[in-house]
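With the hints as constraints, model all of the structure from the sequences given.
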Amino acid sequence: MATRAPDRPTVVPRHRSERFSRQLAHRLDVKASPYAYVMPFLLVFCAFGLFPLVYTAWVSLHDWTLLSDVHKFVGLDNFAFLLGDDYFWNATFNTVSIGLVSTVPQLLLAIWLAHLLNRPLRAQTLFRVTLLLPNVTSVVAVVVIFSQLFGRDYGLINWVLSWFGVGAIDWNAGTASSHVAISTMIMWRWTGYNALIFLAAMQAVPRDLYEAATIDGASGFTQLRKITIPMIKPTIVFVVITSTIGAMQVVAEPLLFGTYSPTGGPDRQYQTLSLFIYENFAKLDFGYASAISWMMFVFIVIAAGINYLLTRRSGGNLT
Amino acid sequence: MIPRLGSGKARTLTYLTLIAVVFFSALPLYYSVVVASRDNSALADVPPPLWPGGNFVANVEKVFDTVPFALALLNSVLVAGSIAIAVMFFSTLAGFAFAKLRFRGRNALLLITVATMMVPTQLGIIPLYLIMVKLEWTGSMYALIVPALVNAFGVFFMTQFLSRALPTELLEAGRVDGCTTWGLFWHVVLPVARPAAAVLGMLTFMSAWNDYFWPLIVLTPENPTVQVALSTLAAGYVSDYALSLTGTTLGTLPLVIVFALLGKQIIGGIMQGAVKG
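So the sequence lines, in the order shown, correspond to chains A and B. So for the first sequence, the numbering used here puts the first residue at 1; every next one is plus one. So for the second sequence, the numbering used here puts the first residue at 1001; every next one is plus one.
Be aware that one or more of the hints could be misleading.
[What the hints assert, rightly or not] Derived list of chain A stretches under chain B, where covered just means 3 residues or more per stretch with a C-beta under 8 Å from a C-beta of chain B:
1. 78 to 84
2. 128 to 134
3. 253 to 265
4. 285 to 297
What the hints contain is simulated information worked out from the structure, not anything from laboratory work. Here a beta-carbon is modelled for each residue, glycine too, at the ideal position from N, C-alpha and C.
Listed below in structure tokens is the structure:
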């Protein structure tokens, strides 16, 4: 008893401080650990996403090449030169042209395919898997394969066209024909993917809407137009905007279709904006390439904005 | 089930259309196998060859002689594998925090995450290259792996999944039992997250395997990934389609096999992620 008594005062504070520190640890855990969990993402994003984007603007204001350590500040000179550069406007035209030719038919086809798949069918999984197969194929593979198919002399496509009396087309040489060829590659790779995204949205549409329409005698096409499309409009807006952003960035297709030449064909007939950036990057003219990047960013924002307004406006009030 | 298929005629038409789509989806891949199994000179035949020939093995040997294809395969497996694992882990971690934990600035950060999904990374490619020059990572696989360790899409995907699939009561029960947040993540969140994380991992692996433009910029032909090696093959031997399509077939085959086996789950994941977009 006598020996225990002096122990007591020391035991109680230890107990208390332990409880206190456990509470502190718990509070620290609850308050701070969420930040620790999102930290890896934020670090990677800031270092390799946000910083490069902002730094592009800084580089674009300089006469910046990799060959020299001195980067002279030139203000907006790169942009002024850009606006007078015919190659830049040529690349802009090609980007818009390839973008329209590849995106518009692609999305219409994708909606129609999703509509066809959105009903009880045999072999549903087989159809879906094959639809996505092109998307699993890499860009490099797609372009190599289609370059063969679009070959002037021994290509499969010209061979089939010759049955209808069409002479051998030099797909690579013309502006329009090369745009069609490149758009075909993009369409082949992305139509199925977008069809699946539309299908997912269509499956969330309440079934009784269709039941009512069927009772009223509405045909399949009318149902697609009057029910399905208005109901999945948020998804359509989303897909149109992501496709537009994708179309602005087309680069591997024209690069490889032109067998590695960054000019996009001898007459620049299919050089896109991204490829134009790459050309100047390859020339180590980083300042100019950065200025093009920023102009492209402006174009993307404008294009996304126009798309958003257009798709919102058309098709009524169901959003 | 609605919408109705109507008459038998409409049904036949639907099937015919879908079969045509299957045909055109598979045809280019089939034809690349045809070309890959032929001698290059056979391609000048009229009509063009439509069936596989017997030259595949010889072409494969030639591919391995022309470019460092074994090294490329190894690099691609290493890069795509480590990116997929890292993205699965870090996305689940951040997704858990965004979906189930309360902290100041959560909504703002989540909004930034969604917004960054829309911004093309390609725009920052020049400074990204300058960073790699500074770090002396050009030509090395670090330049591919480190920037791709986690991305906005993955975080958003896991946030969406966990906010639906993870019952808050389960977390509360864990707390009562004295679990720390890390303990909750390890014992409660991870088991629930596994199916979605697996889909995310497969999608990430495929896109990392197929990534071309950034590897082309930052790597050298001597130490390539599969896609860079394929483009070297296509560029160097413009006329030798048999050779480049053999490479293409070799580089695509692993993915097509994985996809054929797990396609159903992958498609489920894409469609799940899509509706939330």
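To see whether the hints hold, each was checked on the structure:
1. 78 to 84: violated (count 0)
2. 128 to 134: Coverage by chain B holds here, the residue count being 7 at a Cβ distance below 8 Å.
3. 253 to 265: holds (count 3)
4. 285 to 297: holds (count 7)
Checked against the numbered hints above, the structure violates only hint 1.
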